[in-house]
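If you want the building blocks of each chain, they are given just below.
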Amino acid sequence: RKEVEQDPGPFNVPEGATVAFNCTYSNSASQSFFWYRQDCRKEPKLLMSVYSSGNEDGRFTAQLNRASQYISLLIRDSKLSDSATYLCVVIRYGGSQGNLIFGKGTKLSVKP
Amino acid sequence: DAMVIQNPRYQVTQFGKPVTLSCSQTLNHNVMYWYQQKSSQAPKLLFHYYDKDFNNEADTPDNFQSRRPNTSFCFLDIRSPGLGDAAMYLCATSRDRGTQYFGPGTRLLVL
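Protein chains in written order, with the numbering used here: chain A, 1 to 112; chain B, 1001 to 1111.
The hints are all genuine.
Label pairs and their calculated CB-CB ranges:
1) A/Ser-26 / B/Thr-1060: 16 to 24 Å
2) B/Met-1003 / A/Pro-112: 30 to 38 Å
3) A/Pro-112 / B/Gly-1016: 42 to 50 Å
4) B/Val-1012 / A/Asn-65: 43 to 51 Å
Derived from the structure by calculation, the hints contain no laboratory data.
Where a beta carbon is used, it is the ideal one built from N, C-alpha and C, also for glycine.
With the hints as constraints, model all of the structure from the sequences given.
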């Protein structure tokens, strides 16, 4: 079982739709959680951190459930520019370092 | 603007011919990482420098080496590239355990 698992999609949605992505992680020692966005042939860019209390940034809402080892990302009122691959990322700290563990990503395509 | 810079953006090399990829940063971050990303796959950490300390991932092939001559620069050396090493190579930096910021990547093609 991979340490971070995501539904690869693709998710094809119309503009204005609400879409939710899920991610599960297997290592309970994981301590920090993020969503990154990666456009085709570009580098990953931090979208938002994920906190147990849940956090919102405009149309984006992230949730963390430590008991279920589950992370979600909700995008409301989808825009064409939201089309990208969304990477669920977990940091597991060991010694003095923390390593990012990436999921394979969920591809989103927003259509007019 | 502070940033992570990778050169070249595209690199073509021949099978078995050594190649070096470059990363520099103006963020003054003390940790620098090298990732390999193949098509439709997640980035895979190869190794990282925490200050001057080199940390190699257990499954990184010996064919991949790295150098960090100073805080700002880090190099990825591929001693004998094979066809399977064709990928996007991403450099990232962070302040200690903080958020990682990625460079634009170098796309490597092996002929």
